[in-house]
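Going line by line, the protein sequences match chains X and P.
Residue numbers for the first sequence follow full-length UniProt numbering, so the first one is 1 and each next one is one higher.
Residue numbers for the second sequence follow full-length UniProt numbering, so the first one is 1 and each next one is one higher.
Keep in mind that the hints were calculated from the coordinates and are not lab data.
Backbone N, C-alpha and C fix where the C-beta goes; we use that ideal spot for every residue, glycine too.
Any given hint could be a false lead.
[Said to hold, decoys possible] Below, a sample of chain P positions facing chain X; criterion: calculated Cβ distance under 7 Å: (1) Ile40; (2) Leu273; (3) Arg551; (4) Gly759; (5) Ser860; (6) Val954; (7) Gln1042.
[Stated by the list, open to error] Here are the simulated lysine to aspartate or glutamate pairs, EDC-like style, with alpha carbons at most 20 Å apart: (8) X/Lys264 - P/Glu79; (9) X/Lys247 - P/Glu1024; (10) P/Lys959 - X/Glu221; (11) P/Lys458 - P/Glu74; (12) P/Lys4 - X/Glu186.
[Stated by the list, open to error] To list a few chain P residues with every Cβ distance to chain X over 12 Å, as calculated: (13) Asp310; (14) Glu468; (15) Glu492; (16) Gln839; (17) Val866; (18) Asp938.
The primary structure of each chain is shown beneath.
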Amino acid sequence: MDTTTKQRLVFAVNGQRFEVYSIDPSTTLLEFLRSQTPFKSVKLSCGEGGCGACIVLLSKYDHVHNKVEDFTVSSCLTFLCSINGCSIITAEGIGNTKDGFHPIQQRFSGFHASQCGFCTPGMCVSLYASLVNADKMNNRAEPSPGFSKLTVSEAEKSIAGNLCQCTGYRPIVDACKSFATDVDMEDLGFNSYWRKGESNEVKLSRLPPYNCNYVTRVFPEFLKKETAVGLNLGSERYHWYSPVSLKELQGLLQMEANGGTSMKIIVGNTGMGYYKELVHYDK
Amino acid sequence: MISKAIEALKEENQGGFSKEAKLVFKKIGDHMDKIASKFIRNSGSVGGNLMMAQRKHFPSDIATILLSVDTILEIMTGERRLKLTLEEFLGRPPLDSKTVLLSIKIPCWESSRVVSSDACNKLLFETYRAAPRPLGNALPYLNVAFLAQVSLCKNPTGFMLKNCRFAFGAYGTKRSIRVKEVEEFLYGKLLSFGVLYDAIKLLETLVIPEDGTSSPAYRSSLAVGFLFEFLSPLIDSPIDFSDGLVNRYNRTLLSKNSNQQHDLGQIEFPTLLSSSRQVIQLNKEYHPVGEPTIKTGAILQASGEAVYIDDIPSPKDCLYGAFIYSLEPRARVKGIKFNPGSSPKGVIALITSKDIPGLNLGSKTVFGTELLYADDLTEGVGQRIAFVVADTQKNANIAADLAVVDYDKENIEPPILSVEEAVERSSFYAPLFYPEQFGDFSKGMAEADHRILNSQIKLGSQYYFYMETQTALAVPDEDNCMEVYSSIQCPEFAHDTIARCLGVPAHNVRVKTRRLGGGFGGKAVKSIAVASACAVAAYKLNRPVRIYMDRKTDMIMSGGRHPMKITYNVGFKSTGKITALKLDILIDSGMFVDVSPILSDHMLGSLKKYDWGALSFDIKLCKTNLPSRAAMRAPGDVQTSYIAEVVIEHIASTLSMDVDSIRNINLHTHNSLNLFFASAAGEPLEYTLPSIWDKLASTSSFYHRTEMVKEFNRCHKWKKRGISRVPIVHEVKMRSTPGKVSILRDGSIVVEVGGIEMGQGLWTKVKQMTAYGLGLVKCGGTQDLLEKVRVIEADTLSVIQGGMTAGSTTSESSCEAVRLCCKVLVERLVPLKQRLMEQIRSLEWETLILEAYRNSVNLSASSLYVPNFSTMHYLNYAAAVSEVEVNLITGETTILQTDIIYDCGESLNPAVDLGQIEGAYVQGIGFFMLEEYNTNSDGLVITNNTWTYKIPTVDTIPKQFNVEIFNSGNHKNRVLSSKASGEPPLTLAVSVHCATRAAIREARRQLVSWSGPNEASSTLVQLEVPATMHVVKELCGLDSVQKFLQWTTAKN
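Working from the sequences, and respecting the hints, build out all of it.
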């Protein structure tokens, strides 16, 4: 194959560098995180992108514009091979016992928004991604101290795809809303910070502080150096190719046409959530 | 990525596009925002979605909406590139895997694009989807996009349709289609209701779901409804075209979000949930018991550091198992093979009943046993047949999927696949006991002015949907010992079963459980076999074996709530006072008994919330060849709470009386309560339901809102509201529970209890109780003992007789067990404290404990709390008011508001109890409104994933949700005067169902006014459970639009 393609997968999880040289391309990010790293906050629950228990924040560096894109993905549907050069943040990466908890986690706790706790890391990642993206928006006015640029409406929708069977969602939504720039503190439900009738100033002072300019997440420098060339990786029987041009793709497809191999084109792999194919592809 | 496409489509500062083009783009973007969920749109691609629609007939929204706007695609096969319209693309035979979709082009739409420039030409574009969740993460029953060019005619006044593009999809069709016949029919016509009616008649012949599609008539009616919703505003009202755009013009007319702004780009959607009220009263008497303490471990759960069973790192040489289950309800298993041609990787062993060293036991309880693996005949679908063990969980799952069981059905009695067949063949489980009847039924019926005879209702199942599926890890230890980590509500029973399976003494086995990712009754008996299967495999292979079940297998094998069939006979006075009720209930318990015999007790407890006069019942537990059922949260309670309301509603409709007044007149007095519940009824002051009932009417403005609902229904044709107030009386029972409290040298405290922490806050309450109990020693620092307490995992060898965490009372009984331990410890410490106080003035807790260690005071105490037989049963009271709005076009029900008042006694922790009330209630909404549990004829559940099984989400809960925890003061027989909260609130969700029924009743009344009294004239509405969109729409009239059009054209 093309000699310019790389034989190694590089990415970061919670700032830590990972390199993978050989892997079955059908390995999902979820399987990798749960079996090869200490980060077990990513939970398997539905395995089809329908519940949000396994989601992580994926950050991609755009070399051309020198900016970072941050968005959530279902780790149960994301193939490890497709995150080359990316940075992954799990709930542990947002905050933890050793490095300190993030106000998201503190407020989930203080608003009584976690019961069995199995959906909670995913919920926190959803909200975290919404905060990160809202606070990046330069066209939005600076929020009052302690709040983010997120609106109430965005805050409550931030967890719209996440399932929870314990809480009935109301306390979760309140925890999310507590970050919103346009929230009326009166509207926030029962919590461990204040009792009814206290002033907004007092209420704000009791909330675990949030600073919208506070950067807890830095895109790892070492990943910026990873150039975006194609990837060719595999194990004994299966291969993964990341063609970077149409020509390259045509070449690969020609290989299949010539027989001997079968191939599947993958973008986000979310289709796997619906069509749970067991067929293995010699890719 | 779909997200990026949405971003681009909604970009407001697109240069060079017409206003119309921007409108079209934005609406496409808005619609795409409802596809899947954010995290799927972030990685799923628009192209991939279209390719799935093309190749595999995926019910795509993107295909439909893009079809309406003349989208052009470019595809590449080999070196060859080809441009084609989306319609041609979808119409081709499935493309091969070498074909690549290169680009998608949406043309820029302008009013003048097709019609020659004319000031009165306008472009209209709307998209719709009817799906169980308004915000997405749910496939639609049907999706639509309408693009139309209309021109305003001065004389005669009205709108004339020019070019139209009407696309429909996802309704049970291989691909999204354009309805060109309708488009052509409408071309050049001046819109009127008559024209619309003809267009709809034509449309009906075109949007026809394929055979095998669920609710086909409903889907067709949606097509009609949406076309009506799109076009009718152009007919019956003047439109303001002043800004050159018609945006959301239909909303006001169909009274949808009428308070919304109409200008594009500035639409600020109202928030999903409005401010909710939580009212609690704090008790300081037993501090820190009664404090709304944050749930123990909540922050660890938020950071994901909390360790669940599957998070325990795999021990060295660990193997993974997956179940092979029966697909035949009754057959002989001849063998198990792997599909020819498929060679599953990594398979180590296949464990069947032959590999069990001891007894073939999947569970053993006081009610009976079940097999671990079918040994000769299968007894139902989903029954365990074998356990395949492989090197990874993935390989085990694949192997189980590839396994083919060879069945033989010759000379085998046919299976029992319904409760009716079970009755015919007298196949029953013995009930726990036969509860007594109340009063003389025949006499009660004789006294009645009216009688309803032999009315029938059916209730289906519900799946627990714990977020963590069934899981266990078994690790062999020296000398034939086995340590098992299990996600289970009853480790004690798993322990006992495992020992019998392995044929070893019970002291060889240790089962540990720290926390559950949700239980809901599904991790009681059903988890025993999961733990046992791992233990047996680990024993045989002498290696650790674990399992984490995939969701589908879990849904198929773990069963759910008991389905049942109910026949009722009721007699009542003209006033609505009930004189007699008789129920005949057939319960499908499935192939194993589980704990089904407890059901009759639960059912009566909740049924008796009203004074039925005389009450007679026959409850049969049918043994069928269907999946085994478990005691899911509020087992039997939720069904009878519902049955009681069905009877009340039936009486009201027979008498044409207000339902609420029928409820009122039949509420218990303390006297009648005593008659029905004996000692469980408690003191007169403890019967708080009447005061809750009245208080709720005022806090929820029930009477005022009832009038408002009437007014709303008078003013709105296509939205109807309903409101309903429902009481509950819920009997619970305390069970014996062990506890153990130890104080360590540094003064920190470690606690073990029989109760399992499964999210319900049991540990938190236990911690509070420990701090309170030990604090009674009263020395320096005892005010802050809470932080010194740690509750640790349940370990069946450390604390025995743990029992089962079920029935709502395990938190309080675990607390009581701990209180007993603390009492012992305080008694041991007080003499020492007094001695020490003689020498020093102030004594700190740490000093006291250190001295106790020096003086060899026993600082560990264990106890078994055994409830007093005469006071172990008690009643919980609550009431709820719910108001809903039903959309008559789609059948969608929106829960506008719910108000609950719940008597928690003196709550041990109001924050935890509030969480239980809200959470249980929403799970009840799932049962009553959303969760369709469909099976094939063998009982195999086919709604076995998140695509088809829809639990409540943030957009399907009450928009406003007010909960008040009512502090009813002193209850001398309760644990520090507290009452339960785990299960009773679930049954309150029946109020949503009743409110929906009320709204439907209004819709039907309106339908009768349109179509004459011939049809739908019966005022009784038997509304199924769950009352999903199609169920509601069917009752509101699938042809309501046609009926309205006929009526309105005839009228004019």
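Results of checking the hints against the structure:
A distance limit of 7 Å between C-beta atoms decides the matter here; for P/Ile40 the minimum to chain X is near 5 Å, and the interface restraint holds. Taking 7 Å as the C-beta contact cut-off toward chain X, the hint placing P/Leu273 at the interface holds, the least distance being around 5 Å. Taking 7 Å as the C-beta cut-off, the interface hint given for P/Arg551 holds, the closest approach to chain X being about 5 Å. About 3 Å separates the beta-carbon of P/Gly759 from the nearest beta-carbon of chain X, less than 7 Å, and the hint is met.
At about 28 Å, the closest approach between the beta carbon of P/Ser860 and any beta carbon in chain X exceeds 7 Å, and the interface hint on this residue is violated. Satisfaction of the interface hint for P/Val954 is found here, the shortest Cβ-Cβ separation to chain X being roughly 5 Å, below the 7 Å cut-off. A hinted interface residue such as P/Gln1042 counts as satisfied when its beta carbon comes closer than 7 Å to some beta carbon of chain X; here the least separation is about 34 Å, so the hint is violated. For a cut-off of 20 Å, the pair hint linking X/Lys264 to P/Glu79 stands: about 18 Å separates their Cα positions.
A distance of roughly 58 Å separates the Cα atoms of X/Lys247 and P/Glu1024; the hinted pair therefore is violated under the 20 Å criterion. Distance hint between P/Lys959 and X/Glu221 is unfulfilled; the C-alpha atoms sit about 45 Å from each other, more than 20 Å. A distance of roughly 53 Å separates the Cα atoms of P/Lys458 and P/Glu74; the hinted pair therefore is violated under the 20 Å criterion. Distance check on the hinted pair: P/Lys4 and X/Glu186 sit about 35 Å apart at the alpha-carbon level, beyond 20 Å; violated.
Listed as a non-interface residue, P/Asp310 fails to keep its Cβ farther than 12 Å from every Cβ of chain X; the least gap is roughly 8 Å. The claim that P/Glu468 lies off the interface is violated: its Cβ sits roughly 5 Å from the closest Cβ of chain X, which falls inside the 12 Å cut-off. Against chain X, the non-interface label of P/Glu492 holds: every CB pair exceeds 12 Å, the least being about 21 Å. With a closest Cβ-Cβ approach of about 40 Å to chain X, P/Gln839 is found to remain outside the 12 Å limit, as its non-interface label requires.
The non-interface label for P/Val866 is consistent with chain X: the shortest C-beta to C-beta separation is roughly 29 Å, beyond 12 Å. For P/Asp938, the condition that its CB be more than 12 Å from all CB atoms of chain X holds, with the nearest at approximately 21 Å.
Figure legend: structure checked against the earlier numbered hints; hints not met, in rising order: 5, 7, 9, 10, 11, 12, 13, 14.
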